[in-house]
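A.B. asks: Please construct the entire structure, taking both the sequences and the accompanying hints into account.
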Amino acid sequence: MEKILSQEKINLDKANADRYVQLENVDMTFSTKKGDFNALKNINLSIKEGEFISIIGHSGCGKSTVLNLIAGLTQPTEGLLFCAGREIAGPGPERAVVFQNHSLLPWLTCYENVYLAVERVFGASAEKPESKAKLKARADAALELVGLTHANDKRPNEISGGMKQRVGIARALAMEPKVLLLDEPFGALDALTRANLQDELMKIMAKSGCTAVMVTHDVDEAILLSDRVVMMTNGPSAGIGEILEVKLARPRARLDLAEDKDYNHLRSEVLRFLYERHAKKAA
Amino acid sequence: MSATSISKESLKAIMQSKETVVSKGAAMADTEKVEIATVANPAAAKKMTKKTSALLSNKPSKRKAQIYSVLNVVLPPVFGILLLLAVWTLISHQTPSLPGPLKTWHSAVELFSDPFYNHGPNDQGVGWNILASLQRVALGFGLAALVGIPLGFIIGRFEFMSRMTSPIISLLRPVSPLAWLPIGLLVFKAANPAAIWVIFISAIWPMIINTSVGVSKVPQDYMNVAKVLNLSEWKIVTKILFPFVLPYMMTGVRLSIGVAWLVIVAAEMLTGGVGIGFWVWDEWNNLNVEHIIIAIFVVGIVGLLLEYALTQIAKKFSYE
Ligand SMILES: Nc1ncnc2c1ncn2[C@@H]1O[C@H](COP(=O)(O)OP(=O)(O)OP(=O)(O)O)[C@@H](O)[C@H]1O
Ligand SMILES: [Mg+2]
Chain A
1 MEKILSQEKI NLDKANADRY VQLENVDMTF STKKGDFNAL KNINLSIKEG EFISIIGHSG
61 CGKSTVLNLI AGLTQPTEGL LFCAGREIAG PGPERAVVFQ NHSLLPWLTC YENVYLAVER
121 VFGASAEKPE SKAKLKARAD AALELVGLTH ANDKRPNEIS GGMKQRVGIA RALAMEPKVL
181 LLDEPFGALD ALTRANLQDE LMKIMAKSGC TAVMVTHDVD EAILLSDRVV MMTNGPSAGI
241 GEILEVKLAR PRARLDLAED KDYNHLRSEV LRFLYERHAK KAA
Chain B
284 MSATSISKES LKAIMQSKET VVSKGAAMAD TEKVEIATVA NPAAAKKMTK KTSALLSNKP
344 SKRKAQIYSV LNVVLPPVFG ILLLLAVWTL ISHQTPSLPG PLKTWHSAVE LFSDPFYNHG
404 PNDQGVGWNI LASLQRVALG FGLAALVGIP LGFIIGRFEF MSRMTSPIIS LLRPVSPLAW
464 LPIGLLVFKA ANPAAIWVIF ISAIWPMIIN TSVGVSKVPQ DYMNVAKVLN LSEWKIVTKI
524 LFPFVLPYMM TGVRLSIGVA WLVIVAAEML TGGVGIGFWV WDEWNNLNVE HIIIAIFVVG
584 IVGLLLEYAL TQIAKKFSYE
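Heads up: the sequence lines are chains A and B, in that order. Residues in the first sequence are numbered consecutively from 1, following my numbering. Residues in the second sequence are numbered consecutively from 284, following my numbering.
Hints are computed from structural coordinates only; laboratory data are not their basis. Be careful, since some hints might not be right.
Taking beta-carbon pairs under 7 Å as the criterion, some of the chain B residues facing chain A (in silico) [stated by the list, open to error]:
1) V508
2) K510
3) V511
The C-beta atom is built at its ideal place from N, Cα and C for all residues, glycine as well.
C.D. replies: Okay, here's the thing in structure tokens:
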């Protein structure tokens with residue numbers, strides 16, 4: 001009897017692991033001044049635990065909307081979203097967000113920005129709040145992870161764009177989220193900084209093993225980082241057009257991949273989707 | 284080295300004679316002493332001329348531009364004031380009952396030689412009158428800030444509150460401040476609280492409105508951060524709303540102080556007692572026009588100082 005139960009539990013866990021984040025028939029309609037605007041239609045997506053997913057699509061198709069739905073910042077007009085078997089009812093610390101424009105609070109130092117997150121998640125938990133020293137250690141560790149210990153006491157407007165984005169990542173990681181949501185995290189950065197941060201993010205993700213969903217415009221970035229690339233059709237009523245599996249061995253090295261046959265094949269697949277089958281008509 | 288000490292010695296003598304005139308306390312005289320000493324120090328002066336001449340020879344155009352920009356800053360206001368004085372003199376020549384600048388100046392010197400005399404409640408020095416007005420403004424304004432700023436936060440934060448209060452605010456805000464005076468007299472049955480009430484009611488609107496506008500302008504990004512971090516309402520207010528709204532709030536405070544100072548003169552004219560407004564009225568009854576003109580300048584200068592002080596405080600609080 002017990003055996004059967006435990007077996008069932010394992011099955012359930014496995015099922016949950018396969019559908020760690022789940023979107024079921026999600027529709028999103030915004031009511032605007034000019035009437036209703038159907039942004040997303042019938043989105044179905046299952047994300048495995050520990051998987052790295054990229055969402056790619058033309059500007060305005062609804063990528064950020066998908067991410068905000070998973071974050072719980074917006075509620076779907078239709079359909080259901082789950083995370084770890086539970087319905088997503090609102091934002092929560094188990095789903096941390098790295099925002100498109102870093103969204104650091106300009107009046108706090110880098111350290112204070114990270115500490116604010118740590119304090120809330122670990123310092124105010126009902127069961128056993130952690131001591132101040134422990135919280136401080138967490139914030140310090142997060143900043144060290146992104147290599148910014150020296151910028152602890154600087155305000156966001158005193159550091160470069162790349163550093164800001166790294167603090168944003170540190171803030172999200174410091175919460176020890178189960179799912180990391182990234183909205184074009186490197187979109188505003190130059191190519192060199194971008195490449196460096198991509199490599200750093202790959203290392204960090206390998207270490208922490210958390211699930212990630214990243215919105216991006218960049219085909220190379222999507223393939224380099226992801227296990228699967230979700231390609232979205234154009235809006236209004238955008239949906240998932242295709243999902244591409246990226247079966248490249250990890251750790252991946254940017255230089256090796258440049259000459260890799262599989263990589264280039266995947267790359268042309270995504271490009272074909274974006275610029276042939278779902279080309280954005282010039283406005 | 285010896286040159287310095289000698290010049291200091293000689294300066295001491297000068298300062299001592301000056302001290303008897305100024306009699307403002309040793310601290311102030313001391314700072315003056317040091318300043319003058321460094322200038323009088325020939326070695327230092329030589330160095331300075333060397334520096335300036337070096338600057339002149341190296342970058343003459345830059346030096347010129349500097350002088351030019353300084354003149355650009357200094358000259359226009361000076362011209363403005365001279366123009367005002369000229370117009371004033373001209374008008375006073377036309378109307379013999381209006382005293383000119385010189386006459387007013389003499390009267391002012393006399394008046395401010397003893398600003399704090401006290402000959403009973405109806406005859407006090409101009410200093411007491413200014414202080415009495417400032418005290419009323421401080422009280423009325425302080426109460427207005429105490430009520431208006433939190434109210435602004437609540438209105439900005441909650442859509443419901445905003446919709447609830449907006450008709451009331453739109454209705455009451457345009458009402459002339461003095462229209463509130465009878466209500467104050469009726470409720471408080473005394474002149475002084477009524478004057479403070481008028482200050483309160485006229486100073487509260489800019490603070491409510493600016494604070495609430497600031498709160499409603501908090502970027503959605505920051506609120507999303509608050510949501511994702513699941514911050515408590517207290518943390519949202521202290522870590523996000525308050526720092527963001529502070530510049531808006533300070534604008535409101537500045538406008539409020541301006542209005543309060545504007546209104547106090549009129550209110551005091553009606554309520555009487557000690558105060559700069561009452562003083563103006565009193566001098567009008569005495570037909571002492573010089574004093575009325577002085578009062579106008581005093582009101583202007585005090586208002587300017589209040590504004591300046593608040594701007595400095597606002598600068599200190601800005602996070603940029
Ligand atoms: N709050 C909202 N109210 C009304 N319409 C909205 C709202 N948010 C998004 N939309 C609309 O939904 C569509 C998708 O927006 P979304 O921000 O998700 O696009 P995106 O794919 O992230 O674009 P980008 O790549 O430029 O960031 C757009 O047409 C946008 O105008
Ligand atoms: Mg977007």
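A.B. asks: If a hint holds in the structure, say so; if it doesn't, say that too.
C.D. replies: Comparing the hints with the structure gives:
no.	hint	result
1	V508	holds, 5 Å
2	K510	holds, 4 Å
3	V511	holds, 5 Å
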